[in-house]
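Colleague: Chains as they are written, first to last, in numbering that gives the first Met the number 0: chain Y, 0 to 758; chain V, 0 to 81.
These are calculated hints, taken from the structure and not from any lab test. Please note: incorrect hints may appear among the correct ones.
[To be verified] A short, non-exhaustive set of chain Y residues, derived as facing chain V with CB atoms under 8 Å:
no.	residue
1	Met341
2	Ala371
3	Phe417
4	Glu712
[To be verified] In silico SDA-like links for lysine to any residue, alpha-carbon gap of 20 Å or less:
no.	chain 1	residue 1	chain 2	residue 2
5	Y	Lys410	V	Gly16
6	Y	Lys410	V	Asp54
7	Y	Lys407	V	Asp54
8	Y	Lys548	Y	Thr569
9	Y	Lys410	V	Tyr7
10	Y	Lys406	V	Gly55
11	Y	Lys407	V	Gln17
12	Y	Lys410	V	Gly55
13	Y	Lys406	V	Asp54
14	Y	Lys410	V	Gln17
15	Y	Lys168	V	Gln12
16	Y	Lys616	Y	Asp687
Glycine included, each C-beta is placed from N, C-alpha and C at the ideal position.
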Amino acid sequence: MSEHRYKWVGTRQNRPDGADKVTGRARFAADFNLPGELVGQVLRSPHAHAVIKSIDVSRAAALPGVKAIVTGADFPEQPDQVVPAGEMQVNLRDVTRNIMAKEKALYEGHAVAAVAATTADIAKKALALIEVEYEKLPHVIDVREAMAEDAPILHPQMRTEGVTPTPSKASNIAKRLEFTKGDAAAGFVKADFVIEREFTTQPVHQGYIEPHAALASASEDGQVQLWTTTQGHFQVRGFCCRLLELETSQLRVTPSEIGGGFGGKTVVYLEPVAIRLSQKAGRPVKMVMSREEVFRASGPTSGGHVQVKLGATRDGRIVAADVTVALQAGAFPGSPVGPSCMCSLACYDIENIRVVGFDVVSNRPKVAAYRAPGAPISAWAVESTVDLVALELGMDPIELRLKNAAKKGTKTHYGPTFGVIGMVETLEAAKASAHYRSKVKPGHARGVAAGFWFNIGADSSAAAHVGEDGTVTIISGSPDIGGSRASLAMMAAEELGIDYDKVRPIVADTASIGFSFVTGGSRVTFATGLAVINATRDMIHQLKLRAAKLWEVDVDGVVWQDGEARPSSTNVGEFEPLSLAKLAASASRTGGPINGHAQLNAQGAGPGFGVHIVDLKVDADTGIVTIDRYTAVQDVGTAIHPSYVEGQLQGGAAQGIGWALNEEYIYDARGKLQNAGFLDYRMPVASDLPMIETLLVEVPNPSHPYGVRGVGEVPIVPPMAAIGNAIARATGVRMVDLPMSPPRLSAALDAASPRLAAE
Amino acid sequence: MARVVLTYSFARQYASGQTEIEVPGRTVRQLIRALDARFPGIERRLEHDVAVVIDGVLHQNAYLEEVGETAEVAFIPPIAGG
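Just chain V, same shape as in the assembly (with noise of 0.2 Å):
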């Protein structure tokens, strides 16, 4: 199960408020679908508009991004820069 790590305003709105959640799933698509199955809606909030930080690397569009079995698999904010 890899390990879902949602902003605290993200998680209050979309999660039931919660920030850490264990998930089954071998690709961030994977991950995606189990949470909208717990949280309904959750999936396009998250499909687009967010970054992916997969065990500490940052990815951006990681849709299909493989994840590890206890991979740490955080949404933050979308980042682009000057």
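Next comes chain Y alone, as it looks inside the complex (with noise of 0.2 Å):
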């Protein structure tokens, strides 16, 4: 890490959430309740794939405690185009088919109706008086079989978007992306030799600890409340309003603490459910998903399909990529694709390139973002191809991604050109590092992989608020997933030169604070920080011009520093510096109260690349992998808090690991999920573990004050293909379908040694 030159940014702070959460105090959206609330539950399609002919709801409405019943008839018909809904651009017409089914249920677990009831007994069997006439369809689960002509057709109306002509017939391929540079077939001509491979990957869930939950109160004059664990409580009020037809001032979503999200949380499930059964009930209605519901019912990441063939010259360059992408969206169309695509090659400056991506419906449920959405799936493919080239030269792996590193200037295969990055860096980092340096242990291997991530900024709105104290109040609309709330206060005590004990930071709800985008794409550090910052800056102008009355003098005579303001001259006069607690004690005769404000739309968000090193070791009796070493290192512009952002690249890398490893989502033949719990869906814990070390490369983005890049998705997509090259070279094996568990592990060297086998 360099060493930086302020007070408050790059130290070690308490997290303000810190005590609240070790003791057990902090509200997670379970925690709300309300006078009178009924308990809400839902009926869920046992079908993967059916036509709902009809719901007979009147003995269950006819259950002593039953309050309110909805089904998808009680949500209004949404057009068939994407419009914006709280800055995002989605489908309604999928949105609200996939809150409540309508016409068809298109994966098990889709919701088909929903109980209120005065407690949670008699809503289960509330819901178990439910008849819903169900006409089984042929189901398709996965990706490739989606894509087949003879495919069951989820969408009968969906053609493929991005072909020319438009196909007359449907297809679950709701869309195709290219993308080239250079002429990738005549690349290909010019390389010494070409490697081609198939790689598939799982779907696997954010597996965040606290379930999806909300408390809804609608009231009779059409105002509603809500609460609700989400990543953006702006999205979550657009989506309703648009989902319920209600103004957006009718709506007011409180965000709770939230128990992890990792792009989870970004959408809505049970929030619109809640609103309309409190608006048909007349009472508060709580809906708190079991574990059971949130791996049938919320989405995961894509599974997929990719293609590599890359074609190298004997000298190290790899001179030309062709990558097809195939992504499993769920449900719905909105697989993230794009990014996968674009991701896919970003970390090389290649001549000639060639990039198609499809996007696929399938009979589970609709995908949600998840750390770096797509990019994880394509560098596995692609990671583990370059591991291919550096083992046919025989160089070392991170020779080879120096030799072909994108740096300022390199033209991407998706457009533009890349401005100051840190890919060099990074390489060069962890070729230093002692991980790398160090010598193999007997019995184990080393494997080497890197990713990219864009990070985006967007709008956020930040207040800063000065007590009669002198202690501040920095209020966003962000909610605070991974120490935001640190980084927020850090950067104001920074600007402010007051410690940062006199700063609390807050997350307002809807009401309190302006639009804020969701929590996500690692955009708050950044974009809300910039916000912040330009809140108390505003505030610190007000202060200057209160000292400048007290003073007599003109703004310009007065300067702010360490937490006073001063004189900015002997030539202005002798004064005694004013401090923030003085000045905000006077405040009352100098103008009134004194605040700041920004909001804005944060441009110039720094693309991030990581570089992860792993050693393990592979029991080749029951193919189990142990990660004896790992260390990522990370391009991550200014860490304004060390500590979350190693957090961050650690959480990344162990959900990598997971990834990687062991996580899967298993159908059975009727296309019902065999594992849908935490023990058979097997996420690493702390025992599968060695601790993770980081790395903190530190380019500083020319585009944020402080030098901010976003850090929380790049983590996640170096694992699978570092884990998997070092496995490929403990054992010769070469890995292309995940996740690499033990039973496929362990067939895998069994099919590669049929004599050891047979012994």
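With the hints as a guide, bring the two chains together.
Modeller: In structure tokens:
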């Protein structure tokens, strides 16, 4: 890490929400209650694909204690077009059908009806009394099978976008994308050798500890309040208002503390349902998903099929690349195939590239975002193939990547030319790391892989209020998932020149602060941070005006230094400095409360690059992989709070290790999920992992006053390929299908060594 | 003249296959309007649901963003994140 020039930025402060979280006082969504609240529960489809012929709720409605029932008919029809909702572009026809099925159930677990009752037991009994007549249809789970000509069609009206002329026949392929640079075919002719492989990944869930939960209270005058666990309460407001035909001022959404999201809480499931039930019942309604419901009905990330072809010269230059990415979107279009295609080769400066992507629907829950959506899937395939190139050349894998690394001026295959980026610096740091310079232990092998994510900016609002004692409240509209309250408070303290402990950051509801886009895309410390800096500077301007008034001088004669107003020079006059506390105490006499505000659409989020190194050993008999040492190296811009930055890298790596080695959705022949719980859906636990080492490479982002780049997405991109590359070097067997779980790896090792298997 | 860069599949659908086009304009909006004069209908495709990269710097909702005379302005699929 570079030596920082700041008092607070770059230090490791206690998190403002820490005490409440370790003492159990923090309130998560399921902890909110209101007098007279009802319990809401959802009836879900037992079928992967079925026409809903009829729903009879009469017996359930007659059950004492049942206060309201909703079905798809309770939600207005929406246009089949992409429209803005809370700054997101969404197809509301799909969203309304995902929260409550209308004509068809499109996956096992799809919501079909919901009940609000006085107790959970009555709600459960009522669900059992709802009679749904289904006509079962053939289903399709696998992405390649869904793309087949004769596949069961989920949406008869869907035509593949991006194909000219528009197809006349319905397809499960919602969209085709293509990106090119140079001439891939000509590039392969120049190559000395070509390596081509196919890879697959399985859908994996974000695995947030806190299930989805919402408490809605609709009043007789049409006003609605909602408490929910979300990464973006303004998006929740936007979605719910669109789906329920409310005005945005009618709905006030308060975000709870959030027990993990990782992208999975940027959409709505229970919220519109709870509101509609509350409107019908005239009482508050609380809904909490079980873990099983989280697995069956909320969005994991896509599973995918990726073909990679790389052509290289003997001196180690990759001269041509051809990548095809097919991602399953779940039951409705909208997989992250665009970012997957764009990120696939962004780490490299390759002259000739063609990347094709397909967005494919199948009978699974609609996918949701998950850290660097789409990027880990294509990176798994590309970084594995880059490793094959290194092996073919007998070249060090970091040297090969350095020889082909993207840098300032590299033209990407998706259009833009890179500005200041840190891929080379990150590779150099990985190469110089203690881990990479250490000898690989006997019986172990080492793997390396790289990853990229854009990072985003977007809309944020912030306010700064000074209290009469000079302490400061920083108000944002960004739910805090990864420690953003601390980083925002640290930047405010730095600007104001006061102690970090004198700044209290809070997350306000939708009625108490201006619009702020979701906490996602690694944007909050960058974009909301910019808003906080600007709000604080606005406050400082107010403070200087007040000092100028008290001193009867022009405001240009006042500077703000170390938390106090001072004369800018002796020419201004001899004045005792005025501290923030003194100015706050006299605020009423100098013009009233002292506040600062800012709102912006942050531009210039700096892209991030990561390189991961893993040492592991493989038990050839069982296929069990033991991670012995793991290092995540990343260009993080400036680390405002290094501990949280390191935590992001460690968390992303841990999730990537789970994705690599164990996690997958297992469906039976009827399209029913077989492992909807943490016992059977195997996420890594502490005993599975070594301490994840981190190396922060600080290449400041020129678009931010402190050089911030997003950090939360990149670290989940390289782990799968890093581990696959290490396994290949340990065993000589190149795994191409995720997860590389003990049964799968064991089978691959057996297949590669039939004689040993026979013994 | 700014240099507008489109993805291959978008250009094939809406801009006669041209992925790089010299266009007059001092804001993203002016560039889009100039493009629409050349490729009618492209404006409504570029107004929403795209991210814009101006000289290597990613912008969200960049409709009114200023661009330099020789800027590279790339329209790419939208990016959110997890």
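Colleague: Next step is simple, just say for each hint if it's right about the structure.
Modeller: For each hint, the structure was consulted:
Checking methionine 341(Y) against chain V: minimum C-beta separation of about 7 Å stays under 8 Å; hint holds. About 6 Å separates the beta-carbon of alanine 371(Y) from the nearest beta-carbon of chain V, less than 8 Å, and the hint is met. Against a cut-off of 8 Å between C-beta atoms, the interface hint on phenylalanine 417(Y) holds, since the closest Cβ of chain V lies about 6 Å away. A distance limit of 8 Å between C-beta atoms decides the matter here; for glutamate 712(Y) the minimum to chain V is near 6 Å, and the interface restraint holds.
At most 20 Å may separate the alpha-carbon atoms for a hinted pair to count; lysine 410(Y) and glycine 16(V) meet this at roughly 19 Å. In summary, the hint linking lysine 410(Y) to aspartate 54(V) is supported, as the alpha carbons are separated by about 11 Å, within the 20 Å threshold. In summary, the hint linking lysine 407(Y) to aspartate 54(V) is supported, as the alpha carbons are separated by about 11 Å, within the 20 Å threshold. Of the pairs offered as hints, the one joining lysine 548(Y) and threonine 569(Y) holds, with about 17 Å between alpha carbons and a cut-off of 20 Å not exceeded.
Restraint check for lysine 410(Y) and tyrosine 7(V): the C-alpha separation of about 14 Å stays at or below 20 Å, so the hint holds. Of the pairs offered as hints, the one joining lysine 406(Y) and glycine 55(V) holds, with about 11 Å between alpha carbons and a cut-off of 20 Å not exceeded. The suggested pairing of lysine 407(Y) with glutamine 17(V) is violated, with an alpha-carbon distance near 25 Å, which exceeds 20 Å. The suggested pairing of lysine 410(Y) with glycine 55(V) holds, with an alpha-carbon distance near 9 Å, which does not exceed 20 Å.
Pair hint lysine 406(Y) plus aspartate 54(V) holds up; C-alpha atoms about 14 Å apart against a cutoff of 20 Å. A hinted pair counts as satisfied when its Cα atoms are at most 20 Å apart, and lysine 410(Y) with glutamine 17(V) qualifies at roughly 17 Å. With a CA separation close to 19 Å, the supplied pair lysine 168(Y) and glutamine 12(V) stays within the 20 Å bound. About 13 Å separates the Cα atoms of lysine 616(Y) and aspartate 687(Y), which keeps this hinted pair within 20 Å; it holds.
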